[in-house]
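**Student:** Given these sequences and hints, build the entire structure.
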Amino acid sequence: MKNNTKSSGNTAKNSYFLPIASLIFSVAMLLLVGRAVANNAVLRSIFSCQAQGLGGLVPTINVWYQQGTNLSFIPAGEVIKKVWLNDPSQVTMDFDGPVCMQFGPKPNASSGDCKNSAANVIQLRRIPKLNIPGLPNTNNTLLTVVTEGQGRNKLYTFRVIYGTDNPEYHTLAIFPDPSGQEGACAKVSQ
Numbered sequence: 147m148k149n150n151t152k153s154s155g156n157t158a159k160n161s162y163f164l165p166i167a168s169l170i171f172s173v174a175m176l177l178l179v180g181r182a183v184a185n186n187a188v189l190r191s192i193f194s195c196q197a198q199g200l201g202g203l204v205p206t207i208n209v210w211y212q213q214g215t216n217l218s219f220i221p222a223g224e225v226i227k228k229v230w231l232n233d234p235s236q237v238t239m240d241f242d243g244p245v246c247m248q249f250g251p252k253p254n255a256s257s258g259d260c261k262n263s264a265a266n267v268i269q270l271r272r273i274p275k276l277n278i279p280g281l282p283n284t285n286n287t288l289l290t291v292v293t294e295g296q297g298r299n300k301l302y303t304f305r306v307i308y309g310t311d312n313p314e315y316h317t318l319a320i321f322p323d324p325s326g327q328e329g330a331c332a333k334v335s336q
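In this text, residue positions in the sequence shown follow our numbering: the first is 147, and each later residue adds one.
To be clear, the hints were calculated from the coordinates, so they are not data collected in a lab.
Derived lysine-lysine pairs resembling DSS-like cross-links, with alpha carbons at most 30 angstroms apart: (1) Lys275 with Lys228; (2) Lys228 with Lys300; (3) Lys300 with Lys261; (4) Lys227 with Lys261.
Restraint ranges, calculated between C-beta atoms of paired labels, are given here: (5) Asn283 with Thr206: 17 to 25 angstroms; (6) Val225 with Ile192: 14 to 22 angstroms; (7) Gln213 with Ser325: 30 to 38 angstroms; (8) Gln296 with Gln212: 32 to 40 angstroms; (9) Asn285 with Gly223: 28 to 36 angstroms; (10) Pro322 with Ile166: 46 to 54 angstroms; (11) Leu288 with Ile166: 56 to 64 angstroms; (12) Ile192 with Arg271: 18 to 26 angstroms; (13) Asp311 with Gly243: 25 to 33 angstroms; (14) Ser191 with Leu301: 13 to 21 angstroms; (15) Ser325 with Asn232: 30 to 38 angstroms.
Note that the structure is predicted; figures quoted are calculated from it, not measured.
The beta carbon of each residue, even a glycine, is placed where N, CA and C say it ideally should be.
**Tutor:** Here is the structure:
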């Protein structure tokens, strides 16, 4: 019995230690997890009208050496029909499906592979600069994307920024325009 009395006395002295240790551990974990999530943001999103530049600003998309950056039209329900990259010397592109690859002075978007385009995502990857004769040395480039969705074509332009530090996100998702909400995208005066 003496041992039981002593151990119950020790339990009373240690009863404060366990909750305090648990609290300290929980706070430390929350701080570490919060910092990891902030440093590894996975998604950046904008509305379709913003991505089209209807608010007067050209949207940007960053690409880094460490990982690729996805440009996703899945949330908007749009299919990529055609893509142009003004300076391909520092960025590669890949797609999650077939995309129109017609070249020449008179491309026909309603025939061949353009009719069967089915990509929804562009994967951009930064590469060491290639020396392509005739291309000026620039710090960024322009990505132009034509999509089709809900029976309409849309034109998007993105300023591609070359990142050298740690990636901030890995996907830029284009969402459909909000219905019934004024002010989400500025109206272009005509």
